[in-house]
Every structure is written in C-alpha cells, then in structure tokens.
Amino acid sequence: MARFVRKQKNEIGLSPEALLFRGVKRTDKTLLRIINFDAENLQEKEIKTVKEAIEFQNSDSVTWFNIDGVDNPEIMKEIASGFGFEKIILSDVMDTLSRPKITEYSNCIFLSVKMLKEDEESDNVAIENLSLIITPSVLISFQEKKGDVFEPVRDRIRRQTKRIRNSGTDYLTYALLDVVIDNYIYIIGRLGEKIEELDNRIVQVSDKQMLDEINTYKRELNFLRKNIKPAKEVMLGLAKTESELIQDSTEVFLKELVDNITQANESSDSYREILSDQLTIYHTNISSKLNDIMKFLTIFSVIFIPLTFIAGVYGTNFEYIPELHYKYSYFIMLAAMLIIAIVMLLYFKRKKWF
Amino acid sequence: MARFVRKQKNEIGLSPEALLFRGVKRTDKTLLRIINFDAENLQEKEIKTVKEAIEFQNSDSVTWFNIDGVDNPEIMKEIASGFGFEKIILSDVMDTLSRPKITEYSNCIFLSVKMLKEDEESDNVAIENLSLIITPSVLISFQEKKGDVFEPVRDRIRRQTKRIRNSGTDYLTYALLDVVIDNYIYIIGRLGEKIEELDNRIVQVSDKQMLDEINTYKRELNFLRKNIKPAKEVMLGLAKTESELIQDSTEVFLKELVDNITQANESSDSYREILSDQLTIYHTNISSKLNDIMKFLTIFSVIFIPLTFIAGVYGTNFEYIPELHYKYSYFIMLAAMLIIAIVMLLYFKRKKWF
Amino acid sequence: MARFVRKQKNEIGLSPEALLFRGVKRTDKTLLRIINFDAENLQEKEIKTVKEAIEFQNSDSVTWFNIDGVDNPEIMKEIASGFGFEKIILSDVMDTLSRPKITEYSNCIFLSVKMLKEDEESDNVAIENLSLIITPSVLISFQEKKGDVFEPVRDRIRRQTKRIRNSGTDYLTYALLDVVIDNYIYIIGRLGEKIEELDNRIVQVSDKQMLDEINTYKRELNFLRKNIKPAKEVMLGLAKTESELIQDSTEVFLKELVDNITQANESSDSYREILSDQLTIYHTNISSKLNDIMKFLTIFSVIFIPLTFIAGVYGTNFEYIPELHYKYSYFIMLAAMLIIAIVMLLYFKRKKWF
Amino acid sequence: MARFVRKQKNEIGLSPEALLFRGVKRTDKTLLRIINFDAENLQEKEIKTVKEAIEFQNSDSVTWFNIDGVDNPEIMKEIASGFGFEKIILSDVMDTLSRPKITEYSNCIFLSVKMLKEDEESDNVAIENLSLIITPSVLISFQEKKGDVFEPVRDRIRRQTKRIRNSGTDYLTYALLDVVIDNYIYIIGRLGEKIEELDNRIVQVSDKQMLDEINTYKRELNFLRKNIKPAKEVMLGLAKTESELIQDSTEVFLKELVDNITQANESSDSYREILSDQLTIYHTNISSKLNDIMKFLTIFSVIFIPLTFIAGVYGTNFEYIPELHYKYSYFIMLAAMLIIAIVMLLYFKRKKWF
Amino acid sequence: MARFVRKQKNEIGLSPEALLFRGVKRTDKTLLRIINFDAENLQEKEIKTVKEAIEFQNSDSVTWFNIDGVDNPEIMKEIASGFGFEKIILSDVMDTLSRPKITEYSNCIFLSVKMLKEDEESDNVAIENLSLIITPSVLISFQEKKGDVFEPVRDRIRRQTKRIRNSGTDYLTYALLDVVIDNYIYIIGRLGEKIEELDNRIVQVSDKQMLDEINTYKRELNFLRKNIKPAKEVMLGLAKTESELIQDSTEVFLKELVDNITQANESSDSYREILSDQLTIYHTNISSKLNDIMKFLTIFSVIFIPLTFIAGVYGTNFEYIPELHYKYSYFIMLAAMLIIAIVMLLYFKRKKWF
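Residue numbers (our numbering), protein chains in the order written: chain B, 101 to 454; chain X, 101 to 454; chain D, 101 to 454; chain V, 101 to 454; chain L, 101 to 454.
The following block holds chain B by itself, in its conformation from the complex (with noise of 0.2 Å):
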C-alpha cells in the first residue's frame, strides 16, 4: 500500500525530460474534457486532441482542461510544445510517485499533490497523483484515472457561483485544492472515529485482535500522514508565491489552504498520540491480567505446600511416631491443615495480596 518511490535499474541515468510513465497504470485511454467560462457564458465538452485545448490559450475566458490518464506520452509532447512548457514539467507529470512538489516558471506555475478518495464499497482509501499547471488563462489538471472528487467545484461553475465564475485560474486552483483538503480531512476524520470508537473499547477489556487494530490503524495513519504532510509546503509555497498569475484577492484563499492542510495535521498528530496511548493501555492490560493470573495461581499453590508437607510426614514409615496411634489424630491433621490454610488466606488477604 505504502508506494515508496523506487527506481528501476533501466530508469537511472534518464535524461530528467525523458517523458517515462512511472507508476501503476490506471487507464486505457487518455480522456480530455474541457469546461470554459466567464462571468456570463459556460462551455463543457470533451475532445478529442490536445489542439482544441490549445486554442483557448489567448482568451479572455478561463479554461479548465482536464486530463485523465497521464501514461501517454504523446500527448504529453503536444502539451509541451503547444502551451510552450519546459519538457520537465510533463515529465514530473508522468511520474506519478513522485513527491508532491510546487515549481515557478517563466510562464507557469506546476504543483503537484497526493489526492485521495474515499472508495466507498471497499471502504479503501484510493491514492491519486494529482498534478496542475496553472497558466493565465488555462488551468490544466492531470488525474490518473477517470473519476475525481471535482465534481462539486463542476456544480458551482454550472450553477454560476459569483465569485468561481469572475475569478481567474488562481481561484480555480484554489477551488481544487481546497476540495483535496477537505478529503483530507474527511479521510483522518472517519479513520478518528475508528479509533475513538476503540478508546471506549480498550479500557474495558484487551484481547489481541486489539493489537491488530490499532498496528492496523497505526499504518493507515502513517499511510495517510506520508502522503498529507509534504502537501503542506506546496500549499505554503502557493501562498508564499510572489508570481504575478496569483491575484492579491486570491492571496486570502490561499492562507485559508495553509489553515486547512495544518488543520489536517495537527488532527492526524493527535490521533497518532492517542493510538501510542491506547498501546500503552493495551500492554499495561495485558500485562496486569497476566500478573493478577499468575499470582492468584502462585498463592493457589503456596497454600497447598505446607499441608502436602504434613501428610508427607505422617506417611513416613517410622516405627515410633507417637501421634499415629491417637484415635483423633487424622481429624486434628485435617483441622489443623484447614486452620493452616485459612491463616495463610487471611494473611495474604490482609497484605492485600489478591
């Protein structure tokens, strides 16, 4: 699950803009759809070839073209060469392993961040590189596969949103990423409530199917944190950003993603505390249940020593023991073992030994 970035023997040494699908493909045909905007018109539609996009280039309107599959290269050279981008930006496009990451250049502005989804029938989070290109008046988005968690930014386009529809591709930028963050969010929230539900459970009762869990939890959280953490930086960077394509009014929204994502953080820290707590609880349970075994069955056993040892003696075969002969004795030794066993129990009970 973790997707640590490997290399391959054959990759090492690649020329950096070498265009080298890396990762896992996730679709069969590259798909481009196009929504562009302004304050009074909309246009939605899928295309066939990347010169359609390219044409938008140089209006006035904002354009949102999207992308999903990033493992034909072919494509990838039209982008470059039509919008003008260095090859490298396609390049760290395709390698979808990659570290989230956000570079200025002369034209553009590319970032890319984890994105994740919820997978709802699995219950499986889905890990998606999610990369964009952020141009004048074009905001290109590279997804691995088809379906995303954009639609809701789709809905306040089409429903004419002040705000989304006068803005340009900084907002738009900012619409997308806000929405990466609240999964983010929502993603650490239903695994805290796994967790927290466990909390009530733990403190009543360990068996080791709780240590599943919570080594269980301890990876999903670690899983979701190495993929949430470097977001930070990139969101810092856009908010940090002195490039002209970001407007100052933007400047506000985009404090707000640094808010989130630390949001995101600090809440994904502190359950990563509670779980080392509720590991802590776990092995103090066990170890208590196991002590309090051990030593009821100790004292079980110490209480028995001495009276086993008094019928060893009388079971000697001596010929002389007077206390043989006495008709009572075998009732006195058997009140006598039960007297024993009681000032022994009163005596550990009074130490507070059970």
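In case anyone wonders, no lab produced these hints; they're calculated from the structure. In this text the structure is predicted, and so the values were computed from the model without any measurement. Errors might be hidden in some of the hints.
Treat identical chains as interchangeable: a pair holds within one or across any two.
As the list claims (entries may be wrong) - Okay, derived cross-link-like pairs now, DSS-like style, lysine-lysine, Cα gap no bigger than 30 Å in a straight line:
(1) K395 with K145
(2) K245 with K151
(3) K214 with K389
(4) K214 with K294
(5) K177 with K246
(6) K318 with K151
(7) K187 with K129
(8) K355 with K177
(9) K452 with K395
(10) K129 with K217
(11) K318 with K452
(12) K451 with K246
(13) K262 with K214
(14) K294 with K109
(15) K452 with K355
(16) K308 with K451
(17) K308 with K214
(18) K246 with K427
(19) K262 with K109
(20) K125 with K355
(21) K308 with K389
(22) K452 with K187
(23) K109 with K355
(24) K451 with K294
(25) K332 with K151
(26) K187 with K449
(27) K340 with K355
Once you have looked at the hints, place chains X, D, V and L on chain B.
For chains X, D, V and L alone, coordinates are given in the frame of chain B:
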C-alpha cells in the same frame, strides 16, 4: 470531548464564502448587545437588528458589539454587507470547529481563539469558539451561546476605569483576550491542583484506580493543551502586527498577552511531565509490589521443598531402612527439618533476599 | 515547592495596571535603601520615603535604589509617578510569580529574574523574584524580602573598585545579574555534588532508598531548571538590546552573562542525563538481582523434583516391587539421588545458568 | 563497513595542502579519460598525461575529464598547477574518507559526495568517494577506482541527446549527480523490498533469526543514511549557489536534484520507522509467546497440586482413618479428583485464562 | 573526570576582571616561548619577561607567543597592559573551567577551546584549556602546562613550509586549531575502535562485564562530547567573523575547520547510537537467556508433576485398590509414566516450546 475537526461528505467542495454553520447548535436565538462608550459617556443596550450596530461605525466613540449565537446566516450576511467585510470572515466565524487564527484584512483584523470556561456545577470545562473583528471604532465579538467570562471587563468599562474608557478598540481587544488567557491559567491551575494532590498520594500506595486518575488527567490536559497551544500563534501575530488598528501604546499590553500565554503553555508542559513521572512511579510501584509477592511466595515454597523430599524418602517401603527402627528417628527427622528450614531462612536473609 | 503560576477566580479580568500583589507575603515592612556613588564619592543610607530616592534621578552620579518587599501598592504608585514609569511595570514587579522577562520602555528597561539562594541552615534553596528597572542614572531593584546575595557587589562599590565606580547603571546591572547567575551555578553545583556522590554508590548496590534519592534530586533539578531556563532569554535580550541605556563598553560583560547562563543550563542538562542514567542503572540492578534470586530458587526446586518423584515411586504400595526387598536398595536409591543431583548441578553449571 | 573518519597519529598537524592519500588504495594505475563534445562533434579517448586534458581548458566545447584513482600525488599536483586550482582542493580529493561538501572558489566549484553502487554478484553495496571540480569548460571528476555508474550519461552524450550536447559543464554535473542520487534511491529501494518482505513474515511467527535480520537491516540502513544524509547539504548548496558557473536554465534541474535527494532521505526515514515497528512487534510476539507457555505450564501444575495433596492425605499412616476401609473409597477418591480437576479447568476457562 | 563548572562560595560576586585562577594548578613556573618568523627569517627562543614579547608587537614579521601555565596573575597583568587588551580577556584565560567561546574585541580576537591529548602511558585522555589571542602580528597562546600537541606546527614553521611562513597570525591560528581538532578525531577514533571491537563480541555472548564496558565507554564518550560540541560554535564564529584580522585567503581553511569539527561531532554521534544499540542488544540477550532458562526449568518440572501424582495415588493406604495386587502393576505404572513423559515432551516440542 475532543472536538476534532471533521468534514461531512456534503461539505466538501463548498465555496469558502458559503455561510454554513459548523459545530453544535447551542442557542435558539441570536442575541445582539451593544456597549458604546467614550471617556465621558456610556451606553449599554440589547439591540434587535444589526442595522442599529452599523450606525456606530463612524462615530468617534468606541463600540463593543457582542453577538451570542453564530448559527444564523442571515445576521452574518447583514454584518458582512453593513460593515463592508469580506464574506470569508463571516464564514470563518460560523465554523466554530476551526483552528485559532488571525488574519489581517484591509479594513479590519479578524481573530479567533477557543474560550475555556469552568462549569462550576458539573466541574466540567466548557469550550466555546470566540471570534473577534477589530475595526477602528467597533469591536465585534462572536460567541457560541449566551453567558460569558467577560463580565469583569464590562464592569471595568462601567466603573469608568480610566485606561479602558480612554483607549480604542485595540485595548478593548486586549482586555477581552486577557480574560480568556486568565481563564486558561485558572483552569490549568485547577487541574494542576488535582495532579499535585495525586503526587502526594502515589508515593505511599499505588492501586489501579490511580492509574485511571492519571489517564483521566492526561486526557484532560491534552484537551486543554490542544486548545491553548494554537492561541499562542494568535497572540504573537497580534503583538507583531503592523496594522494601524493597533496603537503604539497598546503594544506593551499585547506583549503581556504573549508572556501570559507562554506561561500557560509552560505550566501545562510542567504538569505533563509530572503526569508522565507519576505514571513511571505507578508502574515502578506496581511491579515492585508484584516482585515482592512473587519473591515471598517462591522463598516460602523453596523452604518446604527439601523438607517434603525428606518425608518422601522415609515414606518409601524398602524393607531395610535402618533409620526407621530407631526410637527417636521421627523426632530427629523433625528436628533436622526445623534446622534445615532455619538455615535456609538465615541464608536468604543474609543474602538480603527478603 | 514548585510555585506554579495560578490565578484566583477573582483575579481574572483585572486591569493589567492594577497594583495587586501576587505571591506569598514575606516581609512586614518595605525597606528602602540608597547607594549613591561616582568615582570619588560614596553615600549609603536607608531612606524613609520614595521621594528621597527620586531626587537622585537627575544627578550625574549613579544611584542604586533597592526595595525589599513588593507588597505595598502605595510605594509602587509613588515610584511609578515619581520616576515617570508606566504603571504596568510596577504591576509586573508586584506579580512575584510571573515568568522572567525583559521589556524595553521609552525611558527605562524593565527585567525580572528568579534569584536562588542557599539557606545554609536548612540546606534548602530559597527562591525570590528580583525585578530591576534600569534608568540613566538610577537602578531600581525590587526584592521580596530583606537579606540578599548582593553583599559582594556592595563591597566592590565600597572598596572603590575602579570599573564599577566609573561605570553607569548598566554595569551595575551586569554586576547584580552576574551574582544571580553565579548563585545559579553554585546551587546547581551543590546539587551536582550529591548526584555524583550517588553515582559512585549506585554501581555497588541498589536499594529502594536510592530510588527515592534519585527522584528527590530529579525534582530539585527540575525546580532549578524551570527557574533558570527562562533567565537565558532575559540575558540574551539584554545582550542584544540596542537601547541607549546600555553603553558599548558594557556589551562585552553582557555577553559574559550569556556565556555563564549557558554554562549553567548545560551543566543542569548534564546532571539531568546523569540522573536518567542512574535511574536506568538502578532498574537494571534491581531487575538483575531479582532475576538472580528467581533463577537460584528455580534451580534449587528443579533439583529436588526428580528426587521427590523417585521417593514417591518407592512409596507406592504395590505388592510386587522387586527393588524393595534387596538389602541395599535404600542406600542405592540415596546414592542414585545424590548422583542425579550432582549431574544436574554440573549440567546447569556448564550451561552457565548460575 | 562503516568507514568512520579516523586519524593516524602521524597525520595530525599536516599542512592542509599536503597531498596525502587517505583511505583504502583501490587501484594500481591512475586512469585518465576525456570526453570532449559540443552540439556537432564528439571526441572520446583515454589520455596518458594530464597535459592533454589541460589543453581543452580554453576551448568553447565542453570537456569531461574523468580520473579513476586518487592516490597519486604527482597527478594531483599537475592538475592543480595546470588548471590553476588551490592546492587544498586536490588535498580534499585525495581524502576519500571526508564528509560530502561543496566549496566555491574564485575559478571553480568543488564538491564531493559518496557514490553507492550495488555489486550484483555479492549483493553488497560498494561505496566510493566522488569529487567534482566544475570549471567553465572542463568538468573534472575523480573516482576511487575504475568502473562506475555513469555509463548511461556517456550513452546520452554519444547518442547526441539534444539537451546534454548543447549545455555546459553545469548540466553535465547535474547529469552525473542525478545518476548518483538515482542509485541512492535504487539501493534504498532494494533494501526496502527486503524489509517489507520481512514485514509480512513477522506478524505470523517470530523467531530469533528475524531479530538478526532486523538488526542487519538496521545497520545497513544506518550505513546508507550516514552516507546519503550529508549529500542533501551539497545539493542544496549547489541549487542555491549564485556562481556564474551555473546557468539560469540549469537551475530547475538542480532543484530537481534537491527534490530527489529529499525523497531518498524520506524513504530511508520511513524504512527506519518500519524497522523500529518490526522490532516492537518482534518483542511483543516473543514475550506474548513466552507468557502463553508460562501460563499454560502454571495452570497445568496448579491442577495437580490439590490432587497430589489428597493422595498425600490418604498416604498417611494414621491408625484410624475411617475412609480407608470402605470398599469403594479408592474409586470415590479417583472420581473426586477428576471432578476437582474438571471444575478447576472450567473455572480457568470461564476466567479466560487460557 | 567530568570537570563541571563549579563556583566556590567566595568566588560569587567577584569583578569580572579579577585575575583569579580557576582550575587545578598544573605547573610550577610559567614558561614563555617566542617563535618569530617571516618568509626568510626564523627566531625561536625562551624568554624570561613578558616585555620581550611585547617588543614584537609592531614588527612586520609574525610572532607566536606561547605561555605554559595560566595561574600567575602578575604575568597576565603585564600582558594585558603591554598589548593593550581588556582585562576581562585575561580573566577568561585564567578561568580554565569555562566554556569554549570566541569574542571579538576592537584590537584582537579572543578564543578558547578544550585541548584533548592522549596520555600514551596511562591510556587516559588529558584535557587542557587552550586560549588564543589573535592580534595583527602576534598570536598569543595560553596552555595550562608544559608539553603540548603543537610540535608538528613548529616543525612546519621550521621546515619553511611556504604557506605558513608567508601567512599571518590568522593562518597560524588555523594551523593550531587544526591540530586540536585532528586530536579530537584521533581520540574519538581510538575510543571508537574499542566500541566496534565490543560490537563483534556482544552478539555472541553477553555477560555483566560487557555492561560495565558499555557504561564506561558511554561515560567516556559523553565526556568527549561535552568538550568537543561547544568547539563547533567557536569554529563557526571564526569562519563567519568579518574581522579584518582574518584575511580572505584564510577563509577557505577556516571552513575546512568547520567541516572537520562537524565530522568529529557526527562520528561521536554515530558511536553514541552504536553504544545505545549495544545496550539494547545486551538487555535482549540477557532477558532472552533468562527466559530460556526459566522455560527449560518450568517444562522440566511440569513433566514430573503428573508422574509424582500417580506415585502418590498408589501410595495411598486404601484397603481395596485392585491394581496393587496384580503382579506387573508396578512395571505397568513405570511404563505408563515413561509414556506420559514422552508424550508431554513431544507435545511441547511440537508446540516449539523448547
């Protein structure tokens, strides 16, 4: 209790300016109150409409406009348009689960912190989000419900304390935040008293219930820390701001706020260390007690083992065991056993095993 | 002992300039003393009213105005108005529980640190809040009670040591703070001696009382650290200040202060590590001793188990047990038992089990 | 393996410019190779004397001068004087045990990093010191022995890849360092595969050999980390340099290097955490298995203790024990023993003790 | 050994310029030596009075004035007045227990570091305080006693090594500090060898004596670290100074110093980690060995428990025990016991309990 930030699925992708209340609804009706004062005059009243408050906007006197209840989007909208605020500010006000923050806008400073208040009846700590909007002549404060901790400030205004009646909204802001931080210190102190009281008890005797106490205090302290820690950033932000809304003469008081919140944080750090030490002492005590019991029981058993063995030997049915036929054999055996037991005890004693 | 900052409920919301004494009242009467000197002249006297001190304000000579006892609001008020200080300074002076700090005002520098002093009789460490107000010609020092650690400085002034008699209030400040820090180092050193002495004892033998010693030293060290740590910020603040009240020639001495307080902090860090190592050694010793005992006892028991079993076998009442009837059976059994025991002992020995 | 820096007694106090080889001699003969190229031409040859390389110094084309073997002071001297380098640079080149570093000189940039290379036969990682001297037209690289990881770069130069043939020594430097870092990632990834494979095994069963595996991986990872960590400083230094030797167009690639090395460091951090978790799981498993055994054995013993006691009672030789004479006593005793054993088992079962 | 800074009660409050020797007196007579040189000439002699050294102050040649023994206030006074130094410098020189530091004065740079030197006979590390005062033409070095580590530098001067004879006091300072740091690395390396040698032994067998070794090395390493760590600040301060006393050409060598001290610190960090790992391995080994013993003993006991029980049953004195009268009962019992023991052993074996 922890009130972590969570997102509902349907909140994802909302416009940042959507006036959506997030949190637990705590009041039925929004309550608007006005205190308007300058060095000579004082006017205090409950108002029905936001419009009445807006009128004070351009007066030379200072107005404290307090709103109890932040779940009414209509009122928020009126405030935004009446005072000319960015809508995102009011959206932040309504998000009572958000992280404490401070943001400067062109015509105001917005800040929010968590307000802790001891519920004297239930001995619980109630938490509320406090938002402040500082403008040149009006300070707007938003609380989640009626009833607050600011009565001493109102008294100071009424009693015509020179400084507060002659200063602007910046000093009033200081006065409110000072009360908030004083409450932090007070509440940490209350918890601290319990922790220190436990400190005396735990060295004497350790039982399971103390572990529960420690864990309870730890959770409470973590809860307090999570809410207090980020407030320091807000205080620092306020002390360092170069906004014209903050007069030079107020700066020394804002530094005082930073000192106080630092002190609150440090004493919460101290209590955390004490709790962690207590946990160690508890575990040391428990394990040392268990070790003592096991050692005692083992030594007890060990003393009987050779004795039982001797009895066993004379319980064998061999035909020729010379000792069996001497008259005093039985008593000699008992004496030997006694001597063996005493020698062993002395040996263990000399070795300081018990 | 820990003296954490606490708030009383009724202190919340007070004006920051309210002259309220916080702390433990330690003196009955406020004592005012004046030392006025320049290169040639020296005047030392006890004064009755603040007014007498104020007269020195504009002289060319240097005046050290020392106040023992900070619980009298009247005197504070006179000082504030007489010297033209902000009232908040005096409010800070009276809050003896506050955190060490340094604040620059337009006409003075205010700083406060904790003063540690060994009570030679009781071997305890007394803590006191020391506040200094540095003005061009008068240095005002506030102590909580009579009797202080500054006698050596007074002696240096009286003995007409060139440097101190020719310098201003800044050098005098340095001299006082130097004594304060020297006392920190001295007191840490005293505690350190005890810790190092324990270091030698603990490797030989560990008993419960040593654990108590370690815990006591740990608490004492934490107490010292909590009071000394924040003083470093004050020294750094003083060394870095660009106030005109500090002459260039004094700066090198202020850097010396920073060096000294750093040294104090580092040696307290070292002792903390030593204590932590001692704790580990203690626990290792205790658990290793317990293990040795349990191992011994277990081995002892195990050797008797097969022997007792053999005796048991020959204690059965079967009619046909051939061995029972041979004449030397009993002695052969005893010999066999001895051999078994020796073989087991040798086996355990070879395995290095004891 | 660790190759810590050590000093021989006789090395102390040597002039910093003394050309003394430090490290393990790895080659018999120093090998000098030249690749000289521009957009159109390419010349690749082995040379005999340093002089031949120096001639390229003032040409417009780019020359990569590679030296295999750094233990020959004569050659170092010739390079220093031929290219006009400070002698300390060559002294650093010959100190193969030194820490990665970057230093700017007036006429060149010197940098050194550790080069990791997988030895495919032995599955070991070979480490070598790589030094680079960047001058306007010649890039000089020093390796400890023949055979390197740079073949892909040579291929790119030969295949006339546009970018590399049209750029200067700065881009060539990037290309070499990129290969070095790719090898870091590859080697960490190889180790990571083993660690993750262990991750699956360890949850099922824990044996001593796994502990050895974990410790081995931990050491290998520490070895890698120690060599990779300081390389980040070098990459940052290169990315931030304002030297004219680095063209603006190359900067984006240098930032790429920083991203890659960061990624390498982060994944090594992740593996470290995984190893630490595995250690915890291992110890939990071992101790939980031991506890289960001890619990089983104790319960087993405890059940027999009262039974043996009963047998002991009826083994006593009292004259009057009524039970001994009833016909079915023996069988009743056996039945009672069975019942006692079953009751105890059920009790322990219900208490969930096994 | 640790040489923590301590204050005597009577040292508190002394003037910072008081020339009081602090430390252990290590020499009877102060020894003054002069080496005066320029590119052509070299003069080396022992002098009687400070005055002779002062004469070199204004010459163009470089003079290294070395003083062995810092406990003579008279000589210090003469140096201060002769060279025109602030008295506080000499006070620092005499305080041999103080922390390494660097301070710039108007006419000189003062720095002090700890000098470590291996005593080859006793295998101990001797520590000495080294103070340097850098002036334009004279470098003054203060050592605590005769005999030092600088002989290689003197040799370099005598052998007319070009660089050192043509440079100023700044390069000479570098040369001395380089020797000091080389000794740090050498001494850490010596300790490191022992630690690595232990590393090989500890995986095979763990005994108590190894624990002592680990603890000894840990203390020695801590001692080294405490003395070496602060030297880095001094080197950084020297490398970053903008004083005119340091020529541009020397700066690259000072950076070298920073690199070297960083390397020393890093390798001491590495050894610390190794020691900490060794401690963990030791404890794991010890506890695993104990567990094996206890497991063996417990299993051994458990096997005999049912056998002894059976013997007990046939030792009862019931009148009617049918088995007692069959001829082969005894042998059947023995056989049954053997089978039970074997079955139990197999069961435990299959469960992998031993």
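Inset, instruction - At 30 Å max between alpha carbons, let me know whether K125 reaches K355 within a copy, between copies, both or neither. - result: between (35 Å within a copy, 27 Å between copies)
Inset, instruction - Could you figure out if K308 and K451 sit no more than 30 Å apart (CA to CA) within one copy, between two copies, both or neither? - result: between (32 Å within a copy, 16 Å between copies)
Legend entry - Alpha-carbon proximity context of K245 and K151, limit 30 Å: Within one copy only: 21 Å inside a chain, 52 Å across chains, cut-off 30 Å.
Inset, instruction - Evaluate K262 and K214 at a C-alpha cut-off of 30 Å and name the case that applies: within, between, both or neither. - result: within (29 Å within a copy, 32 Å between copies)
Inset, instruction - Go through the copies and call it for K452 and K187: within, between, both or neither, with a Cα cutoff of 30 Å. - result: neither (77 Å within a copy, 60 Å between copies)
Inset, instruction - Go through the copies and call it for K332 and K151: within, between, both or neither, with a Cα cutoff of 30 Å. - result: Close neither inside one copy (34 Å) nor across copies (41 Å); limit 30 Å.
Inset, instruction - Pop the pair K246 and K427 into one bin, within, between, both or neither, using alpha-carbon distances up to 30 Å. - result: neither (97 Å within a copy, 88 Å between copies)
Inset, instruction - Measure nothing new, just compare the shortest in-copy and cross-copy C-alpha distances for K318 and K151 to 30 Å and report within, between, both or neither. - result: Neither way: K318 and K151 sit 47 Å apart in one copy and 53 Å across, limit 30 Å.
Inset, instruction - With 30 Å as the alpha-carbon cut-off, assign the pair K294 and K109 to within, between, both or neither. - result: Cα proximity of K294 and K109: across copies only (17 Å, versus 41 Å in one copy).
Inset, instruction - Using 30 Å as the alpha carbon limit, work out where K452 and K355 are close: within a copy, between copies, both or neither. - result: For K452 and K355, the Cα distance exceeds 30 Å both inside one copy (60 Å) and across copies (55 Å).
Legend entry - Within, between, both or neither, where K395 and K145 count as close if Cα-Cα is 30 Å or less: For K395 and K145, neither the intra-copy (75 Å) nor the inter-copy (70 Å) Cα distance is at most 30 Å.
Inset, instruction - Pop the pair K452 and K395 into one bin, within, between, both or neither, using alpha-carbon distances up to 30 Å. - result: both (12 Å within a copy, 15 Å between copies)
Violated hints, in rising order: 1, 3, 6, 12, 15, 17, 18, 22, 25 and 26; the structure is consistent with all others.
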